[in-house]
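S.K.: Listed below are the residues making up each chain.
Protein chains: 2
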Amino acid sequence: MVYINGMELSELKKQFEQFLKQKGYKITKSRLDLVDKIASYGTHFEIEDLVMWITSQDRGTASRSTIYRTIRLLQDFGAIREVIKLGNRTIYEFVAGRPHHEHLICVKCGKIIEFSREEIEELQDRVCEEYRFTPINHRLEIFGVCSECSSTV
Amino acid sequence: MVYINGMELSELKKQFEQFLKQKGYKITKSRLDLVDKIASYGTHFEIEDLVMWITSQDRGTASRSTIYRTIRLLQDFGAIREVIKLGNRTIYEFVAGRPHHEHLICVKCGKIIEFSREEIEELQDRVCEEYRFTPINHRLEIFGVCSECSSTV
DNA sequence: GTCTGTGCAAAATCTTTGCAAGATA
DNA sequence: TATCTTGCAAAGATTTTGCACAGAC
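As given, the protein sequences belong to chains A and B, one line each in that order.
Heads up: the first sequence begins at -6 in our numbering, then just goes up one per residue.
Heads up: the second sequence begins at -6 in our numbering, then just goes up one per residue.
Treat the hints with care, as some may be off.
One copy or two, either will do: identical chains are not told apart, so a pair holds if it fits within one copy or between any two.
Claimed, not checked - Straight-line alpha carbon distances no greater than 20 angstroms define the calculated DMTMM-like cross-link-like pairs of lysine to aspartate or glutamate that follow:
{"hint": "1", "residue 1": "Lys101", "residue 2": "Asp26"}
{"hint": "2", "residue 1": "Lys104", "residue 2": "Asp118"}
{"hint": "3", "residue 1": "Lys19", "residue 2": "Asp69"}
{"hint": "4", "residue 1": "Lys7", "residue 2": "Glu134"}
{"hint": "5", "residue 1": "Lys14", "residue 2": "Glu114"}
{"hint": "6", "residue 1": "Lys104", "residue 2": "Glu122"}
{"hint": "7", "residue 1": "Lys101", "residue 2": "Asp69"}
{"hint": "8", "residue 1": "Lys14", "residue 2": "Glu115"}
{"hint": "9", "residue 1": "Lys16", "residue 2": "Glu4"}
{"hint": "10", "residue 1": "Lys101", "residue 2": "Glu122"}
{"hint": "11", "residue 1": "Lys104", "residue 2": "Glu123"}
{"hint": "12", "residue 1": "Lys104", "residue 2": "Asp26"}
These are computed hints drawn from the structure, not numbers from a lab.
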């Protein structure tokens, strides 16, 4: 069985189908295929990379438009998040089945390090309560230089 | 005297001049004027809004290119930061002379609430130490719905 | 059969850049 | 005077959209 982030992939797709049905959208090969493609591509990705990678694969040629449209659906569904915004780049992450976490981003080599701290979730709750703000999600990005890059002067 | 974020504006401009000189850039009317314009525009802004506002002012008509270029210089200088990245929008903030803080962003009305917690700075330091990562800056965005918007159903 | 999705190309945004003219040092 | 900056328009990069055809229900 194929597991993605500890969740069985076919289970995820089943849930996505439910989501589509519930929203009145259609279950298409394109949409389900894209879930496979993203799952096998890797955790973090930018849309252009994904488009090029998918296009380079023999079969399965979802158009750029469909990829953009489906990414949006997957964001609504909650399987994908924009986790890093650096300059004009947007880096997405497959988050389905994973606990929330944050990112360290090396501005020299682009390496992404994930970490999580329960304190951040608690802090969010306390701050939001204070401002009577209903949180939907949060994103903590720490930009800096990783150990390899700082040792290479 | 004009204070911006608790710092005297002419002092900030003087420091900016030093920065330019040190970098081998020239001190131009355009650049210094833009600092005034941004200071009087308000804390948070998007470039397009700033361009339109500046263009609508009688005198002072920095071109879009110059604004983009100067904003970049002010970011390097440290007076301005990209604090919110929402979809394809980038919201900047005049941070000169202010302690670091984070933002709550209402996804319904766009309201921005600032808050700061010393814990976040400490947490950043601890996490970075653990990964031997040298932090340059960080950004915590909490997206959600503010009290006004949630009471209006 | 009806309605939605897809692919394509065009358009819309947002940002950067080449170049000639102007300002700064 | 030498060099950097500016404004403009063009080019880039990224994302969205109108429309005709194809596919899902």
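S.K.: Indicate, hint by hint, whether the structure satisfies it.
M.R.: Right, here's what the structure says about each hint:
1. Lys101 with Asp26: Answer is neither: 34 angstroms inside a copy and 33 angstroms across each miss the 20 angstroms cutoff.
2. Lys104 with Asp118: For Lys104 and Asp118, only the inter-copy Cα distance (19 angstroms) is at most 20 angstroms; the intra-copy one is 29 angstroms.
3. Lys19 with Asp69: Close inside one copy (15 angstroms), not across copies (48 angstroms); limit 20 angstroms.
4. Lys7 with Glu134: neither (32 angstroms within a copy, 31 angstroms between copies)
5. Lys14 with Glu114: neither (32 angstroms within a copy, 44 angstroms between copies)
6. Lys104 with Glu122: between (34 angstroms within a copy, 16 angstroms between copies)
7. Lys101 with Asp69: between (32 angstroms within a copy, 16 angstroms between copies)
8. Lys14 with Glu115: neither (35 angstroms within a copy, 45 angstroms between copies)
9. Lys16 with Glu4: within (19 angstroms within a copy, 56 angstroms between copies)
10. Lys101 with Glu122: Cα proximity of Lys101 and Glu122: across copies only (18 angstroms, versus 37 angstroms in one copy).
11. Lys104 with Glu123: For Lys104 and Glu123, the Cα distance is within 20 angstroms only across copies (16 angstroms; inside one copy 35 angstroms).
12. Lys104 with Asp26: neither (28 angstroms within a copy, 38 angstroms between copies)
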